[in-house]
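Protein chains in written order, with the numbering used here: chain A, 1 to 158; chain B, 1 to 158; chain C, 1 to 158; chain D, 1 to 158.
Errors might be hidden in some of the hints.
Straight-line alpha carbon distances no greater than 27 Å define the calculated DSS-like cross-link-like pairs of lysine-lysine that follow [what the hints assert, rightly or not]:
hint, chain 1, residue 1, chain 2, residue 2
1, B, LYS5, D, LYS158
2, B, LYS5, B, LYS20
3, B, LYS52, D, LYS32
These are computed hints drawn from the structure, not numbers from a lab.
From a predicted model like this one, the values you see are computed outputs, not experimental measurements.
4 protein chains.
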Amino acid sequence: MSSLKNIAIKRLKERGVEIKDIAEIVYKLQYKYFDKLTIEDCIDSVSNVIAKREVINAVLTAIAIDEAVEKNLLDEPINSIIKNDDSLYGIDEILPLSIVNIYGSIAFTNFGYLDKVKYGIIGKLDKLGKEKKQCHTFLDDIVCAIASSAASRLAHKK
Amino acid sequence: MSSLKNIAIKRLKERGVEIKDIAEIVYKLQYKYFDKLTIEDCIDSVSNVIAKREVINAVLTAIAIDEAVEKNLLDEPINSIIKNDDSLYGIDEILPLSIVNIYGSIAFTNFGYLDKVKYGIIGKLDKLGKEKKQCHTFLDDIVCAIASSAASRLAHKK
Amino acid sequence: MSSLKNIAIKRLKERGVEIKDIAEIVYKLQYKYFDKLTIEDCIDSVSNVIAKREVINAVLTAIAIDEAVEKNLLDEPINSIIKNDDSLYGIDEILPLSIVNIYGSIAFTNFGYLDKVKYGIIGKLDKLGKEKKQCHTFLDDIVCAIASSAASRLAHKK
Amino acid sequence: MSSLKNIAIKRLKERGVEIKDIAEIVYKLQYKYFDKLTIEDCIDSVSNVIAKREVINAVLTAIAIDEAVEKNLLDEPINSIIKNDDSLYGIDEILPLSIVNIYGSIAFTNFGYLDKVKYGIIGKLDKLGKEKKQCHTFLDDIVCAIASSAASRLAHKK
Chain A
1 MSSLKNIAIK RLKERGVEIK DIAEIVYKLQ YKYFDKLTIE DCIDSVSNVI
51 AKREVINAVL TAIAIDEAVE KNLLDEPINS IIKNDDSLYG IDEILPLSIV
101 NIYGSIAFTN FGYLDKVKYG IIGKLDKLGK EKKQCHTFLD DIVCAIASSA
151 ASRLAHKK
Chain B
1 MSSLKNIAIK RLKERGVEIK DIAEIVYKLQ YKYFDKLTIE DCIDSVSNVI
51 AKREVINAVL TAIAIDEAVE KNLLDEPINS IIKNDDSLYG IDEILPLSIV
101 NIYGSIAFTN FGYLDKVKYG IIGKLDKLGK EKKQCHTFLD DIVCAIASSA
151 ASRLAHKK
Chain C
1 MSSLKNIAIK RLKERGVEIK DIAEIVYKLQ YKYFDKLTIE DCIDSVSNVI
51 AKREVINAVL TAIAIDEAVE KNLLDEPINS IIKNDDSLYG IDEILPLSIV
101 NIYGSIAFTN FGYLDKVKYG IIGKLDKLGK EKKQCHTFLD DIVCAIASSA
151 ASRLAHKK
Chain D
1 MSSLKNIAIK RLKERGVEIK DIAEIVYKLQ YKYFDKLTIE DCIDSVSNVI
51 AKREVINAVL TAIAIDEAVE KNLLDEPINS IIKNDDSLYG IDEILPLSIV
101 NIYGSIAFTN FGYLDKVKYG IIGKLDKLGK EKKQCHTFLD DIVCAIASSA
151 ASRLAHKK
């Protein structure tokens, strides 16, 4: 398991996402509810979320689809539909439910919020995707899900 | 069916929620994606959402629970848990899934967003609940769900 | 927390549901996947599920609604709609998502299965509800959710 | 849109799934609730479900992943995890939520049921996958979702 976790972290890094990037979003979501929340607490919570088997599966699947699309390996028209992240294509927002559902309703509402406000690395991935430099159609939503789940985890621990 | 819809609208009104209040939230969510979106378009979309049997059921159930809690008709400790809208009580965010799920992923992400930013009537219901003047633990989330679904409906029709 | 768990167990008992009843359903779902699964393993898994705050909230809310409906405390027409467990009334199948989602996709698919086959105590609650002796519109689905979640928990631990 | 629907039907056929195969499952689920249900009614309902944009997206995405896995185009270890349809890999049961959610709670519970009993073409796809002749990890669950949604649609129309 621990080795699968390391693979997930390595793959995220290759796609431009560090645990610290996600932790910064968690901090932004949660600091106002705590007397003293540190970025280390947030890194720890993100790390715990990424250790879960369901989360690892979601991360690896999302990145695999994004990369296959980048290399035009999928059939048309679905390769283009995913690459363009069409507003009526909603599968990328469904896949993160495998993460968010586990962490309860706080994770679920934070997910919808982050999907709109696109803090930090989420906005960066979205921008790279829109400029067609890379395909992050699935990954940006997975990062939203990990951040909102790590935030929910902190809220429940309090 | 149409008579059930009228009952739902009447009950919403009795609890302080007019269709126009919800339409204003829809407008705020959607106007930037349209060349010319009118408040009438939004009223029409909200009205269509409230006509659905699942939505009527959710509205009537939510209001029935809130009112029972206001009158202290439920057993303790659940009556107090609902009245205080404890941050670890998440059933009120689950019930709206019966509405939001039907309208796809745009409805689902808008729901999480509205639950945080609490535009217009949503914030008003939340405030009345926190001041313990009324119990709107379930209704405020149902209003979020109707608004986000009506917004998703407009996005899909475009 | 532990005292809330005891209240949930006590309330289930008052409504005719013992932990052992739920454990028997878990056993029926899982014994074929194990070399040696005991009813004690199943009781232990059910007990762990019921310890979760989200599950306690769902149990207490479901029983509170069922009892309020039995005593005709809710407004019409929703009191009768819930009492008759109309096939187009689906809120009782939404509320258990607050339990089932936490335990992943095995819990989710088992839930749908149990809702159809109605093993043991689930069928008994359903029958009492249909005979209008008691209202178990919400409770029978919550029991499905606890059993399927306890089964999923065992599958993940294996 | 209509052309996208035709592409979805063509792709299903190439993977061994005819509309009639799905309609037979719908019939098996629903005939006992109707005085006179024909296989044509079921074909019509399946056809209506497949016309929805969300369903088309889910069908095309699922088949694209299955085929990419068959050709070993995805990175390891995720290519093997999907190919083996590991019992702890649950992403294939999450993706169908994009279909099932739209059709309400009857669709959702039927989905879990079909995932267990694997009627007709669902069992056939599952068997081909287990024998490693083809990869149907995602498609079998999508077929479950279409059948349960078409069944729910008939129940609501009644």
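To see whether the hints hold, each was checked on the structure:
1. With a C-alpha separation of about 19 Å, the suggested pairing of LYS5 of chain B with LYS158 of chain D holds against the 27 Å cut-off.
2. For the given pair, LYS5 of chain B sits about 16 Å from LYS20 of chain B by alpha-carbon distance, which is consistent with the 27 Å threshold.
3. Only pairs whose Cα atoms come within 27 Å are accepted, and LYS52 of chain B paired with LYS32 of chain D is accepted, the gap being roughly 26 Å.
In this structure, every one of the numbered hints holds.
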